[in-house]
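Make a model of the complete structure from these sequences and hints.
2 protein chains.
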Amino acid sequence: MLTTLRMRGWAKASRTVARRCYSDLNAPKAQQLKVNGDRLWHNIHHTAQWSAPGATTEAGGLCRLSGTSYDKMARDWFRDQVKSLGATSYHVNGVGAQFATFSGDAENVPPIAMGSHLDSVATGGRFDGPLGVLGALEVVQSMKEQGIKTHAPIALINWTNEEGARFFPPLGSSSVYARQNSVDALHASKANDGSGDTLGAALHSIGYVGDGPNTFEEFPISAHFEIHVEQQKSLEQAGKSIGWVDGWHGISMFEMTFQGEDGHANTYDMEGRKDTLVGASKVITAVEELAFSSNGRSTTTNIQSGPVGACNIQSWTKIVFCVMHPELSALEQMGRTAEEKAQNIAVAAGLGLEVSRILHLEPGTFWPEAVDCVKRACGDRGMAAPTLTAHDSTMTTLVCPTAMVFARGKDGISHCAREWSTHEDCAESALTLGRAVLNFDRMLEEMQ
Amino acid sequence: MLTTLRMRGWAKASRTVARRCYSDLNAPKAQQLKVNGDRLWHNIHHTAQWSAPGATTEAGGLCRLSGTSYDKMARDWFRDQVKSLGATSYHVNGVGAQFATFSGDAENVPPIAMGSHLDSVATGGRFDGPLGVLGALEVVQSMKEQGIKTHAPIALINWTNEEGARFFPPLGSSSVYARQNSVDALHASKANDGSGDTLGAALHSIGYVGDGPNTFEEFPISAHFEIHVEQQKSLEQAGKSIGWVDGWHGISMFEMTFQGEDGHANTYDMEGRKDTLVGASKVITAVEELAFSSNGRSTTTNIQSGPVGACNIQSWTKIVFCVMHPELSALEQMGRTAEEKAQNIAVAAGLGLEVSRILHLEPGTFWPEAVDCVKRACGDRGMAAPTLTAHDSTMTTLVCPTAMVFARGKDGISHCAREWSTHEDCAESALTLGRAVLNFDRMLEEMQ
Chain D
252 MLTTLRMRGW
262 AKASRTVARR
272 CYSDLNAPKA
282 QQLKVNGDRL
292 WHNIHHTAQW
302 SAPGATTEAG
312 GLCRLSGTSY
322 DKMARDWFRD
332 QVKSLGATSY
342 HVNGVGAQFA
352 TFSGDAENVP
362 PIAMGSHLDS
372 VATGGRFDGP
382 LGVLGALEVV
392 QSMKEQGIKT
402 HAPIALINWT
412 NEEGARFFPP
422 LGSSSVYARQ
432 NSVDALHASK
442 ANDGSGDTLG
452 AALHSIGYVG
462 DGPNTFEEFP
472 ISAHFEIHVE
482 QQKSLEQAGK
492 SIGWVDGWHG
502 ISMFEMTFQG
512 EDGHANTYDM
522 EGRKDTLVGA
532 SKVITAVEEL
542 AFSSNGRSTT
552 TNIQSGPVGA
562 CNIQSWTKIV
572 FCVMHPELSA
582 LEQMGRTAEE
592 KAQNIAVAAG
602 LGLEVSRILH
612 LEPGTFWPEA
622 VDCVKRACGD
632 RGMAAPTLTA
642 HDSTMTTLVC
652 PTAMVFARGK
662 DGISHCAREW
672 STHEDCAESA
682 LTLGRAVLNF
692 DRMLEEMQ
Chain Z
252 MLTTLRMRGW
262 AKASRTVARR
272 CYSDLNAPKA
282 QQLKVNGDRL
292 WHNIHHTAQW
302 SAPGATTEAG
312 GLCRLSGTSY
322 DKMARDWFRD
332 QVKSLGATSY
342 HVNGVGAQFA
352 TFSGDAENVP
362 PIAMGSHLDS
372 VATGGRFDGP
382 LGVLGALEVV
392 QSMKEQGIKT
402 HAPIALINWT
412 NEEGARFFPP
422 LGSSSVYARQ
432 NSVDALHASK
442 ANDGSGDTLG
452 AALHSIGYVG
462 DGPNTFEEFP
472 ISAHFEIHVE
482 QQKSLEQAGK
492 SIGWVDGWHG
502 ISMFEMTFQG
512 EDGHANTYDM
522 EGRKDTLVGA
532 SKVITAVEEL
542 AFSSNGRSTT
552 TNIQSGPVGA
562 CNIQSWTKIV
572 FCVMHPELSA
582 LEQMGRTAEE
592 KAQNIAVAAG
602 LGLEVSRILH
612 LEPGTFWPEA
622 VDCVKRACGD
632 RGMAAPTLTA
642 HDSTMTTLVC
652 PTAMVFARGK
662 DGISHCAREW
672 STHEDCAESA
682 LTLGRAVLNF
692 DRMLEEMQ
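Protein chains in written order, with this note's numbering: chain D, 252 to 699; chain Z, 252 to 699.
Derived by calculation from the structure, the hints in this document are not laboratory data. Hints may be right or wrong, so weigh each one.
Because identical chains cannot be distinguished in the list, a pair is counted as satisfied if it fits within a single copy or across any two copies.
Said to hold, decoys possible - No farther apart than 30 Å at their CA atoms in a straight line, the calculated lysine-lysine pairs in the DSBU-like style are these:
id, residue 1, residue 2
1, 525, 661
2, 525, 569
3, 569, 441
4, 525, 484
5, 323, 334
Written out as structure tokens, the structure reads:
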């Protein structure tokens, strides 16, 4: 399980890229780059066809859960695209991540990577994830068309199960890449619906367990850049098309399992029952109140209880919730308070309680030298904004210079079929991604 | 759906049995009857082998959900038993109920039925249901061995899906028998786990959809008697082995579906969310408080929410709960109050709310002439006690004289693997059932 995602010593040691101070101008190749916004827009909507049918799809959104046939269709398309663009290598690794490499002038420099994820949540939009992969693809295609050859090789990555929507934990293959999880543990990722399915079996079923490199050590990269649609309103409110992501807020996820006693729903006295669903309901309410009193955020994202039936006191209930805060000490206090409240509720109701912190992402900042490349690429059209959630980049930043580009979203809507970003803002974000990569590439070239 | 289960006019019209006042002595054949307590005890534990493996079975309980392979094994055994006892007819009806008839001296009198159910809840004991069927079987076998021939024919019935544990609604085939539900509607009974399975498909899969009679009109009976383990402590506290059930408490079940909006669990502001799981949790707590303030009972028995995932605000949540009260006006007031509280919570949270009362059993009393037969059979060893829940007999009582025998249970434990009744109390209950039937039979004979 993901436990502590803060930067580790060995990750810090990999900061081999010197922090040179560049001007606020873009590198020459970055100034030269253009992208084809129409093609990107087409690809976003073309690939959205690979979505489970249902309300989300009908509403213009995307339901492409990891390891499904729809995921396979999108993956196959991505494979065909990178091959037709002349990738010099293409690998699927043991947890399904797709790595395509395009040669640069220097073969002894690790590639600069652009990556994100093609999977979505069950009720997702068309931008969260796909924009990062398709924007990166657009950059490579445009550079090829415009004869822009990089110093370092370029890698395109489609990371597996970033969302953790079908299988927990999220940040799947990128957490393995950053050595926060093992291949075996990721294969054992359990279905959130309690069905007993695993990510490993699902990846095998779609033919996406390969023998490619799994970790940074096996496939080192010089940097990782990622576009993501912004999931709040700061760019929209400031009238900015794009942004550079300076850091992320902290997140802790908890799983709590309440244990009571089986009993008849109609005949039992109210006194003396051990009803876990009532206990869990009080905790869910308390966790919401905690967010308000802590000036943070919280959400209960899953509940299951049993026995299933029409006439049983619920003798077990499992809930999963997350707490979020920009400050580490406040985040940890929220977690402690939530656990204390739950324990008090359980004791008062005579319930057993097991608590696991199943994910903990401390707040942090991306690498300044990488962020600076994005900032210069944004120029006046952009502004700084933190992300309030985790991304594959919050994993790669543990091992290599990483930064993110935000594309303006509409009304902060996210994980919802109504998520939206405009043709223009998507194109701007792809251009910014390409320029940031070329700025970083120039920095690498000058270091040699 | 089961909506109103109160006695209907056409049911009242079927009260063709005159209410004669008998002495408190048992009929001669009833006084003669003995039962084989060892055989009954053996059958209870022998048939408990047909149970899904798991914690319930390991703890000595029973998990025999309707329409499963375990249900089929128990049904097949029951079929073989009644056939070997010389049933003159055996039918499986369109909703899986098994009817076996044994001839009496008079062929123009509808049979006196003894019935209950072989299905259990997921975490059931070995007595709730099976004792009623196996006790009835023991009565027929003992009468045969002892040469006791009834005036009216005798019917043994194994009713389908009394528990409603796997498929809703409960009181499956007996509700069809009493014209409270149709065969088609019962076949469409939906799985409580949200899987989309139906009772009809499950019955077909185990080969238990037959062409036997479905309703009282198609298969009239003179009376219905049923043993059930008591699901409270009144017999135990009074030191009585058995009881006659004078009536039942009322039950209303509600399904509430909350509709909110999809959104990102990490990035959304707390204000303005439409989180259905928080709303439903407040309703669950309010429904519990309502039971205390109303001097009634309540239980939330099911919760489902979505979208499934690690990072989604829950945009829909469905809960099912029941409220119970011995008085009709108070029961209906509990229902109205629960709905008002839920509507207030939904409005305050900006949620949509759909409410359905999916079952409503008004409190009532069994037929005095049938209860009197049980009371005389109990003699000093018994006492009156109401049942706090529904049984197949609360359906048959809508169409014909019906009464129930209670066997003392341990600590009021029910719908739990630790449910228990002793060898002696089970035997006493079977003897009482047999005597009650013979008392009723004598009454029928004297009427002719």
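A quick look at each hint next to the structure:
1. In this homomeric assembly, residue 525 and residue 661 come within 30 Å of each other (Cα to Cα) only across copies, at 18 Å, whereas the closest approach inside a single copy is 46 Å.
2. Proximity of residue 525 and residue 569 under a CA criterion of 30 Å is satisfied in both settings, with 15 Å inside one chain copy and 22 Å between copies.
3. Taking CA atoms no more than 30 Å apart as the test, residue 569 paired with residue 441 passes in both settings, with 14 Å inside one copy and 24 Å between copies.
4. In the homo-oligomer, the alpha carbons of residue 525 and residue 484 lie at most 30 Å apart only across protomers (18 Å), although the nearest pairing inside one protomer, at 44 Å, exceeds that limit.
5. When the C-alpha separation of residue 323 and residue 334 is checked against a cutoff of 30 Å, the pair qualifies only within one copy, where the shortest distance is 16 Å, while the shortest distance between copies is 56 Å.
In summary, this structure violates none of the numbered hints.
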